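Put together the whole structure using the sequences plus the hints.
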Amino acid sequence: MQKVTRDILVNKAKELLANGTVDRVYGWKKGEFAYDVTPALFKSEKELDEFVFGDFCGANVSKYLVAESKKAGGKILVFLKPCDTYSLNQLTTEHRVDREKIYAVGIPCEGMLTGSALKDKVDSVLSVETEGDTVKVETLYDGVKTFPASDLLPDRCRNCKSKKHVTYDELIGEDGEVLDSGRFDEVEKLEKMTPDERFAFWQGELSRCIRCNACRDVCPACTCEKCVFDNPKSGLENKAAADSFEEKMFHIIRAFHVAGRCTDCGECSRVCPQHIPLHLLNRKFIKDMNTFYGEYQAGEVVGNRPPVVNYTKEDIEPSEAVKRGE
Amino acid sequence: MQRIGVFVCHCGTNIAGTVNVEAVSDALRKEPGVVFSTNYQYMCSQAGQDIIKNAIAEYKLTGIVVCSCSPRMHEATFRKTAASAGINPYMVEIANIREQCSWVHKDTLTGTEKAIILGRAAIAKVNLNAPLTPGQTPVTKRALVIGGGIAGIQTALDIADAGFPVDIVEKKPTIGGKMAQLDKTFPTLDCAACILTPKMVDVAQNEKIRIFSYSEVTEVHGFVGNFDVTIKKKARYVREDICTGCGACTEKCPQKKIPNEFNLGMDTRRAIYIPFAQAVPKVATIDPDHCNMLKNGKCGVCSKVCTAGAIDYNAKDEFLTEKYGAIVVATGFNPIPMDKFDEFAYSQSKDVITSLEFERLMNAAGPTGGKLLRPSDGEHPHTLVFVQCVGSRCEACAEKGKEYCSKICCMYTAKHAMLTRDKYPDTEVYVFYIDVRTPGKNFDEFYRRAVEEYGVHYIKGMVGKVSPEGNKLKVQASDLIENRQIHIDADLVVLAAAIEPDKSARPLATMLTASMDTNDFFTEAHPKLRPVESPTAGVFLSGACQGPKDIPETVAQAGAAASKVIGLLCKDQLTGNPCVAHPDEMMCSGCSNCEKVCPYGAITYVDKEFRMPDRTTKVRRVAQVNEAVCQGCGCCTVACMSGAMDLKGFKNEQIFAEVDAICR
Amino acid sequence: MTNTKRMKEDILRMSGVNPRKCMKCGKCSGTCPNYDEMEYHPHQFVSMVEEGRLEPLLASKSLYTCLSCMACIERCPRGVEPAKLIEAVRLLKERQKDGNHLTANDIPARIDDDMPQQAIVTAFRKYTK
Amino acid sequence: MRKIAKSALDSLFAAMSESKKVYLPVDGEGGARYQLWTEGTVLSEAVNTVRSAKDFFFPQTENLVEFKMEGKKLDVIDVRRETEDFVIFGVRACDVRSFDILDRVFLGAPVDTYYKNRREHGVIVSLACNKPAETCFCQTFGIDASAPAGDIVCHMTDDTLFLDAKTEKGEKLLATLEGVTEPCADSAADEQKALIRSRLDKLPLKGLTADKFGGDKTKEFFNDPAWASLSESCLGCGTCTFVCPTCQCYDIKDFKTADGVRRFRCWDSCMYSEFTKMSAGQPRLTQKERFRQRFMHKLVYYPANNEGIFGCVGCGRCLAKCPIQMNIVKVMKKLGEGGDKND
Amino acid sequence: MSVTNEEYRPLIVAFCCNWCSYAGADLAGNNRLAYPADVKIIRVPCSCRVNPAFILRAFQRGADGVIICGCHPGDCHYTSGNYYTRRRMALLFSMLDYLGIEKERTRVEWVSAAEGAKFAATMNDFCKTVAALGENKRLEDLRCKK
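Chains as they are written, first to last, in my numbering: chain A, -6 to 319; chain B, 9 to 672; chain C, 181 to 309; chain D, 3 to 345; chain E, 242 to 387.
Worth flagging that the hints you see were computed from the coordinates, not collected in a lab.
Please note: incorrect hints may appear among the correct ones.
Here are the simulated lysine to any residue pairs, SDA-like style, with alpha carbons at most 20 Å apart [as the list claims (entries may be wrong)]: (1) B:K408 <-> C:E254; (2) A:K226 <-> D:F257; (3) A:K226 <-> D:K168; (4) A:K114 <-> D:K23; (5) E:K344 <-> A:K114; (6) A:K36 <-> D:T85; (7) D:K204 <-> A:T(-2); (8) D:K23 <-> D:T85; (9) D:K168 <-> D:P227.
Sample of chain E residues lacking proximity to chain A, with all beta carbon distances greater than 12 Å (derived) [said to hold, decoys possible]: (10) E248; (11) N292; (12) F295.
Treat the numbers as computed from the prediction; the structure is a model and nothing was measured.
The beta carbon of each residue, even a glycine, is placed where N, CA and C say it ideally should be.
See the structure below:
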């Protein structure tokens, strides 16, 4: 599926390490299986032997740059998919990363598979191979199964918002365009439900939450020094879901805190061990902000002012805002 | 844990009539932290306050809850009481059981129940209160006045009179402003120069006042009491300290054909010039756009004739930074441009003029030496038409005019009409008006005199069209009272142009973080109660920069602004509002969201070194609140995702505690 | 609703004019080139419509002496647009005159090759109730 | 040993439900999870539930005690109630082993009475794994997925479920099921066991051993340079901990209710930066230290205190759920390799 | 039949900004304009001080309705605070609605210091609306129930 190969990236990394542009590289290391690559830091040409790249390298590594860019040393090389570049811009806007310390190489992306989405469809995966848009999965008990890639891609890739890199120091391959995605379709579907149906839907989803905090900890917008939910002084602290209220509180407040800052990278839903479609909360805010206050894409431009910290004198009244769709 | 005393007020029967005060004080006695609870007829009375003071001493109270009327009534009273008994005034909370309970609920049972809940919320809050001390910042005892018109002059004089140094920054080569261009003033008809120029001289001679003429403010930093202002002194190529204002240079300069701004281009000046005879400072200025010496190095006549040796062709713009405690904006107004009003033929005929041009035509020091002559041919005009409301009171969306009433036009038009008829009884004067607005002392009498004694023709209606034909101006207008359309062959048409704030005001407002309305007038802190202060602490408003004004109003406002400034500068220290935002630096992520929403620019960011929990040191970007500037709205606390920003006196945990107490 | 009231509403709807915006300055009439030919002048149209005095207007030949030069619209400082109001009164009058001046059946006979489609539609709209 | 036709499972659960509540894995949004059996509930065929079965004995949150205040009077209320009997059906071999591991913690002195109460009332009906997944490595810890422990051990073939009571509790329960089951030879499930064993042999993680770990290996591994790179991209979330059947750490917190204070405990994760925070702060300040703690506990500290038994059962949940795909298998393979000398 | 069978009364938390709405509530008191005692007011300096977490907390603790009152847009004592309130609450309320939580339980109302009558009328109306919805079930925390 991916048009760039491991070798192209490794050669680029070696070149930049050799000429001193960077002194370390964020990339991926091979795992036990086809799908379990791990983001990792490579500090020398020799270490790059373990560098892998493929259709499961979907993790948004921007968040690691928050800590990494503040460390001493030279620049860090990162390979960013189009959606990752939005996160990097947003983090730059919020002064959370030192952009000067980062050497971003934009890489094209054909959509990234994820282990969890794959294993929703197939059990006991031994190996995965992609040829063009076909994915061949070898299994323990059901032989080799073939899927069109679109069947296995997670929502964030099926409804990819942009193949354009909004920031990079160097680009591999051609840059793409901002896409007209159907990413709000699912939100609209929910909006069209009756309140009772919506409540039942979310109750069902959110009640599975185990408050492992994976969504928060992977989120490139959640970079607070200390999250309010971890801080006893905040009045919001709670450690593990105690009842249905706490889950709602956590997810509403988290979505509110990232509103206007969330780039819709979809990492929250990717990592949720309970497959809660958390991106639908963030997308609701994005959609509302677009309709109420005009189109806004977090991370599109460094220094942009998110709608929640902005206003116009003619803004919609809250009473009108909830009337939409009636 | 606090030791809290609860004091329930009967307010006569105001509270006790609907609330069982005994039950309230009994119930609240059981709340956590409460060590004393009582009720009394009038807590705000001396006797009531004594109960509080005694209880503080006897029970070693650390927190006070008064269940009484609205805190807007007596919070200050009880805070003083607490302070006089030795506890921090901010350890007092009021439960409003009168306006928001006994007065709106009829039933004693529900009233009492609610009073207890409100009391509980106040107790829950006090439990988490911390003593607050208002911040103190020193005050730089010097004021800056931006604008040297009558508003700025009066403000500066009044401030200087109180003994404080004042600097005036004026962008033109002389102070005096619009008033210096006026001929006579309504309704007394005294000559503007006669009353203004002595004030200008006072300014020049006052030891406390420095004039930065031909200068502009380019940067403003700091906050109330502590502004740092950068002033650009534009190069005038004449040394101010040496020039004697003799005028020899202005006579000899070979560049003669430069339109004279002071007379609104109706005559000419030289490339080196003194705007008018009474200019302050009376020094020459070289106009670099027209000076041959500056443009191509060929001339130098002025330098040769200057016996004082004041000419300096190599002068450069100078920048100086000064400290001020207060800033007064007095940037004034201008008539709006008339080029969009084709119907009045302003750009087609020289004989269609604005009222300000008319002032110069009538002025003894004006282009015609005070004789009313037509600009086109220098003939004496016989028929004059005055048009009121040109560009004023236009629809909001109309691009050419202003929506507001310019306020001064009715009176000066009456003045012009009257003066014309007085000096030249052979003239016919027509004034077209929509309404004649004369609310002011002796104003309507003045207008009536113009009609009754001087025979000015006031016609209710508007001029639709002015067309130059030969040496006449064909004026077509409606006369609504007579229900006819009239045609007048006029010799001179005078347009009462709307006035608008000076163009320098908008960038200045940005520098000062002072707010403006859609018309670029500065907004006051409160339209009724704080009309001369801007919402930005330490920035005051004087004159027409705040809205259209005539001279007496301007002077009155100038004096009011001065008294506000004096009040500020009298203080050695400024006591702030202690309920200000406060960041927990260890929690701050440095994202700038709080900075973005702060209406006062009170938040800045610094890079600071911290010792982290993992025993390393780290440089982090964190928010800093300038407590002297913060007004305590709390907007930043919600914009802050990490909860690092909190508001003293209304802390998150306090509000949570109140919510919990109410919902218990 | 009285007849006058309905007529007034029709006029306001057709013209899109809000006569209450008028500040009675008379600039419209001051600018009107055909003032003397008009029994009622532009500013009067505005105030008479607002006050509901429609009968005299409908009976007046002023309806046809307005040149529709739009000078009053151009000059009005409050954006009242008197000419549009006059046009609306004129239209109302036309529509009142014995009802329909034109029926759909009349049209084929009147068509000639040079007549633009839009003119037919406009005429139909103007002269039919 | 007794048996019942697979098609008649409903009657089995119905019979069990007569005396006890029956919980069993059910497929749902996002995977299988334990649910109370009611008429029509269908047993999941998934090899593992998303959350482990430890919830039954050690729930995510549990009330310990309540305090009520009136004026200055403080009442302490014990909220413990005798738990009703219940059955957990379909527990896999790994999860069954996890109960042993939890028992050693909670039932050792001082006994955790909350845990004990639940444990005593639960009957464990285990089910051998017909299709162990690629992430399974229970064999590493000596667990035989073809022959799990439990009060009753079950094997399922295409058409039949075999039930074999192993404990007194199990026999009692099985006795109540005589009406719906029929007896069969003790060897009836042997064929199925053999099939499972052959499948276990083919698992990709079959060769993984824990031989190099054990209670005496603290010094060997504590300062292993590999910890730095292994923990490099750890997000510090609690996913691995919360899906783990053997993680047993908890925090005790107070919650202010309408009229008092409720003291409860809830799962905590050693991966969290706030874990075991004391007045002087968290003893493990970096993610590397926290990461090391979790795996050292499973592979070294736990065996050190528990006769060499490892604290991991090889269920593979963390392999499937970790957001960055770091897991105990990678750790076991990497440690002691001697690479990564950079740190 | 028992006489203690009380009619259901909702619990309403009202956040009022100090400068306009709190004064408006005082004015309602001054003019003796009655509204239900179900309304309990919390004073905040500006409506923009109201954190969405406060609102959720009120619901958690048993409130049946939460109303936020501030100065009319354009009249904020702090010039722009209520503009931010308006955005935050529009988004929050829309999100609550999206989660299927009755939107009638939350409201923002602009009440000036002169609008005592509006304050009382607003509270009467809000109490009626919330009372009609009944107890808050969708955002309740069972631990906080008596």
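Evaluation of the provided hints:
As the CA atoms of B:K408 and C:E254 are separated by approximately 12 Å, the hinted pair is consistent with the 20 Å bound. With a C-alpha separation of about 14 Å, the suggested pair A:K226 and D:F257 falls inside the 20 Å cut-off, and the hint holds. Restraint check for A:K226 and D:K168: not satisfied, since their Cα atoms lie roughly 51 Å apart, outside the 20 Å limit. Restraint check for A:K114 and D:K23: the C-alpha separation of about 32 Å exceeds 20 Å, so the hint is violated.
Restraint check for E:K344 and A:K114: the C-alpha separation of about 38 Å exceeds 20 Å, so the hint is violated. For the suggested pair A:K36 and D:T85, the alpha carbons sit about 56 Å apart, so the restraint of at most 20 Å is broken. For a cut-off of 20 Å, the pair hint linking D:K204 to A:T(-2) is broken: about 31 Å separates their Cα positions. Simply put, D:K23 and D:T85 have alpha-carbon atoms about 11 Å apart, close enough for the 20 Å limit, and the pair holds.
For the hint linking D:K168 to D:P227, the alpha-carbon distance of about 46 Å lies beyond 20 Å, and the restraint is violated. The non-interface label for E:E248 is consistent with chain A: the shortest C-beta to C-beta separation is roughly 26 Å, beyond 12 Å. For E:N292, the non-interface assignment is contradicted: its Cβ lies about 9 Å from the closest Cβ of chain A, within the 12 Å cut-off. Separation of E:F295 from chain A is inadequate, the least Cβ-Cβ distance of about 9 Å not exceeding the 12 Å criterion.
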